[in-house]
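Make a model of the complete structure from these sequences and hints.
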Amino acid sequence: MLAKAELLFVRVLAPLLLLPLSAASFAEEGGMWREVLNMTPGVTEVSRTIYDLHMAIFWICVVIGVVVFGIMFYSMIAHRKSSGREAANFHESTAVEIAWTVIPALILIVMAVPATKALIHLYDTSEAEMDIKVTGYQWKWQYEYLGEDVQFMSELATPESEIYNNEAKGEFYLANVNNPLVIPVDTKVRFLITSKDVIHAWWMTDFGIKKDAVPGFINETWARVEETGVYRGYCAELCGQGHAFMPIVVQVVEKDEYQTWLQEKKSEAAAIRELTQKTFELDELMTQGEGVYNRSCAACHQANGEGIPPTFPSIKGSDVALGDVNHHLDIVVNGVEGTAMQAFGAQLNEVELAAVITYQRNAWGNDTGDAVQPIDVYNFKHGQ
Amino acid sequence: MATKTTGKLIAKLSAGAVVMFLFAMFVMPPLYDVFCEVTGLGGKTGDRYVATDATIDESRTIRVQFVATNNGEMPWDFGPTVHEVRVHPGEPTPVTFFARNPTDMDMVAQAVPSVSPANAARHFLKTECFCFNQQPLAAGAETEMPVVFIVDRDLPRAVNTITLSYTLFDITAHSENVASLSN
Amino acid sequence: MAHGPAKGIGRWLFTTNHKDIGSMYLWFSFSMFIVGGFFAMLIRAELFSPGLQMMRPEFFNQLTTMHGLVMIFGAIMPAFVGLANWMIPLQIGAPDMALPRMNNLSFWILPVAFVILMSTMFMEGGGPNFGWTFYPPLSTTYAPDSVNYFIFALHIMGASSIMGAINIIATVLNMRAPGMTMMKMPMFVWTWLITAFLLVAVMPVLAGAVTMVLMDVNFGTSFFDAAGGGDPILFQHVFWFFGHPEVYIIILPAFGVISAIIPTFSRKPLFGYSSMVYATAAIAFLSFIVWAHHMFTVGMPLTGELYFMYATMLIAVPTGVKVFNWVATMFRGAITFETPMLFAIAFIILFTIGGFTGVMVAMAPADIQYHDTYFVIAHFHYVMVAGAVFSGTGAVYYWLPKWCGRMYDETMGKLQFWLAFIGFNITFFPQHFLGLAGMPRRYADYSLQFADWNMVSSIGSFIYGAAQILLLYNVIATIVAGKRVTEPKTWEGAEGLEWTVPTPAPYHTFSTPPEVK
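Chains as they are written, first to last, in our numbering: chain A, 1 to 384; chain B, 1 to 183; chain C, 1 to 517.
I should point out that these hints are in silico values taken from the structure, not numbers from a laboratory.
Incorrect hints may have been included.
The calculated EDC-like cross-link candidates involving lysine to aspartate or glutamate, where the alpha carbons are at most 20 angstroms apart (straight line), are [unchecked claim]:
#, chain 1, residue 1, chain 2, residue 2
1, A, K381, B, D77
2, A, K381, B, D104
3, A, K81, C, E492
4, A, K81, C, E410
5, C, K184, A, E92
6, A, K381, B, D106
7, A, K169, C, D452
In structure tokens form, the structure reads like this:
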């Protein structure tokens with residue numbers, strides 16, 4: 001009962017007091033696409049519940065602070081020695097000690113009630129309408145629509161030139177990906193979260209979700225998003241050098257739009273299979289390869305191909321890029337055990353793999369003239 | 001007078017401490033085993049599970065989902081043959097997972113299970129699982145691996161979907177089973 | 001019998017004198033504070049604007065890791081151990097600590113540990129880059145080669161803390177002057193006694209955690225590796241079982257200092273002495289049963305998460321009791337505002353603000369949004385810097401005259417205080433906004449909506465850094481050329497045995513125990 005009254009009080013008071021502040025702080029231009037003074041109420045019931053809880057406890061703390069600091073400031077002025085006063089001598093009172101133990105305890109008990117209800121609600125993953133598996137990688141996310149045979153990698157789309165200050169930063173700097181997650185609005189989506197290497201965390205602040213991605217274990221959480229739009233989140237557990245460079249973008253669309261997108265994604269898989277049969281020109285492979293390289297390889301091997309030896313070897317002028325194609329394929333497709341070089345065979349499709357290997361063999365003066373075709377990659381993967 | 005006695009005492013106490021620690025080292029592992037068997041912690045399926053009659057609760061249908069993840073640079077193709085099944089509590093259900101080693105080296109894998117939600121884990125019983133053993137697979141070979149599970153009848157009523165997740169680890173370097181492949 | 005201190009470097013290497021050892025701890029901790037602060041300056045310089053200007057993210061991760069390790073284990077803990085060494089024997093009327101040779105060892109292994117830790121930054125692969133909390137598998141399978149040296153250094157620091165804690169317990173329980181019952185001890189002694197028990201209880205747990213990491217890295221064990229049947233989350237439980245009492249280890253002695261300064265400058269006895277003792281003990285006890293509030297997003301079962309939320313919220317009660325008692329001490333006193341008092345008052349305000357954000361992060365559902373963001377960074381810097389560091393700084397100004405027989409310049413002290421106060425708040429208050437707006441921790445680079453507050457925070461940090469250089473200047477200027485004071489009771493309102501010995505305190509004090517009524 002008390003908790004409801006308190007929350008009501010908060011819902012009336014908070015907007016009134018925060019209004020001037022929010023107006024000043026909500027910035028829509030210049031790359032500020034979210035208010036930067038307070039938590040967002042978000043677009044799910046869960047995120048709004050969390051926001052209300054946050055504001056309630058915030059105001060309780062403000063009131064307590066005003067009272068306590070008020071008494072202290074009053075004392076600093078009224079009881080200063082320079083006013084010529086004598087200090088009193090009292091130094092204990094059991095009644096007062098009991099009072100200021102019991103009252104805060106009661107306030108906390110009152111706060112615990114809505115907090116408990118909120119937590120129980122947050123944990124309720126039952127009766128979800130769809131399931132998405134989220135796998136954290138160093139340093140990107142993989143999404144798999146369970147039961148739909150759709151899966152893809154979602155990597156940072158901000159170019160390295162912006163990160164190293166060679167180009168002006170775009171509006172969604174470090175908050176843009178190549179393949180956003182797409183989900184339908186007003187649908188309870190269950191997320192199954194794990195990792196394939198170190199601990200990451202999947203955080204969508206607009207949905208009120210954050211869950212650790214732990215290798216070897218599966219975690220679950222859920223969201224029912226009530227408004228369409230594009231929402232951006234971040235990895236929230238230190239996972240190595242790319243921790244700040246693996247954002248999350250979720251596009252929430254109308255249900256029919258989602259179905260259309262899903263069908264497209266499924267036929268994309270078929271399209272890739274078709275493309276795998278195609279023969280590409282060298283310059284086509286180079287153009288596409290450069291894009292893949294900058295997205296998936298440049299973070300470690302650098303845009304200029306020189307890497308950061310010894311941890312990230314140079315590709316420019318390297319034995320691998322200039323030598324046997326199969327060896328080069330092996331490294332890219334299967335990775336190198338015991339090093340940071342990942343197995344890209346599962347992360348990139350045959351066309352992308354062919355393009356990036358072709359690019360590596362011809363860029364930066366490597367100039368082997370080799371044009372690796374998607375079918376070569378396919379054959380390598382299946383004939384190993 | 002004091003120094004000699006103190007020195008001897010220190011030597012005795014130190015020796016005693018060393019003996020105590022050595023004893024503890026040898027006694028701990030069996031003690032832990034007993035502890036885990038008695039409490040069931042760590043998922044040890046000792047003789048804790050008493051055979052009950054196999055009544056199936058037809059009134060409930062539980063959706064059991066399967067997901068698979070390759071850890072690290074594990075290159076195998078690995079996944080469930082079906083994405084989900086619907087079962088009744090108490091009903092032993094067999095499913096399979098496929099695995100293919102596309103490399104040109106014999107390898108050994110370890111699958112590690114994880115069940116969600118947390119309050120369902122204790123009620124999800126695997127009577128047979130490829131995760132119980134290390135899984136060797138020769139270069140280029142493929143296989144189907146079985147799991148037989150029962151969803152316990154006292155699964156909390158609020159739970160209707162259970163997810164069984166396997167993470168596959170490459171343990172070739174740590175395993176003696178690799179040799180068994182080349183015969 | 002009384003002879004002066006030995007001469008030369010031998011004096012410092014072989015001293016068993018609690019005043020000498022206290023001074024060494026204080027100088028060591030201050031130099032570590034400068035080193036950790038230097039790392040912080042580099043971090044804030046990189047975060048001044050979006051984009052990578054100065055360093056690769058991999059090096060940034062080393063800086064944040066080393067900043068945490070150096071500040072916690074090199075600066076704040078040794079600083080309060082230094083204060084303990086100097087003041088506990090004086091406050092209980094004892095001639096020295098109970099175990100003077102072990103005292104020497106406790107100190108001298110610290111510089112060794114930190115040389116090892118610092119040297120990791122120059123090793124192949126760089127220094128530790130997995131956060132001071134070193135969660136596996138980032139700190140095991142994916143760690144740089146220097147991880148073994150990091151572990152070794154941590155073991156040594158832990159040994160130092162445990163030995164120091166044993167010393168304090170033995171001293172306080174056995175060497176109080178006749179007439180000084182436990183309930184007559186100064187609060188600084190009480191808080192250190194309780195802290196010492198916490199240290200003895202949890203430093204071995206850290207040693208265990210760190211040894212298991214060593215085993216996983218080098219000896220093929222799988223404590224924290226799912227492949228072998230282990231669990232990365234096990235590490236988090238073991239680590240935070242240490243880690244939460246650790247933060248109370250940091251703050252309880254700071255509480256003790258405040259309980260010494262406020263009554264002195266209010267010219268009024270501490271309000272509610274027994275409540276303060278019980279509250280401290282309650283905080284210490286509760287600190288053992290709340291650890292998983294650092295793990296609210298890890299995938300804990302609901303019951304566990306609810307329990308840890310309730311237990312954590314409970315700690316606010318005894319902490320609040322302490323704050324109220326300090327305010328009641330000031331109330332109707334006769335207050336003056338010398339530099340130590342300024343730091344103590346700032347402590348009450350700013351630590352309480354940190355306590356408020358602590359209650360906020362205790363609410364598990366809300367913590368979904370706060371966890372691993374700058375909101376948490378703001379919270380713990382408010383309680384650890386505006387809390388523990390301000391308290392320690394206040395202690396230095398308060399007891400410096402007793403240590404060296406000279407008074408610091410009050411204007412310079414006040415200037416240093418205001419510079420620190422303003423710098424601190426400009427640095428850390430905006431970090432609350434950053435966290436609420438969605439900026440995660442340990443980010444080397446960030447999206448554009450976070451740019452403004454990051455710039456403000458960085459500017460504040462340079463001001464705060466400057467304030468520490470001014471502190472160093474103030475301390476040295478005082479020691480070298482401060483106005484001499486000889487009054488045993490240097491501060492008009494000061495009470496306690498340390499204010500009965502001459503100023504500066506002689507090398508040996510209380511060779512005969514005093515009478516305590």
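Now the hints, each set against the structure:
{"no.": "1", "hint": "A/K381 with B/D77", "result": "holds (11 angstroms)"}
{"no.": "2", "hint": "A/K381 with B/D104", "result": "holds (11 angstroms)"}
{"no.": "3", "hint": "A/K81 with C/E492", "result": "holds (12 angstroms)"}
{"no.": "4", "hint": "A/K81 with C/E410", "result": "holds (17 angstroms)"}
{"no.": "5", "hint": "C/K184 with A/E92", "result": "holds (15 angstroms)"}
{"no.": "6", "hint": "A/K381 with B/D106", "result": "holds (16 angstroms)"}
{"no.": "7", "hint": "A/K169 with C/D452", "result": "holds (15 angstroms)"}
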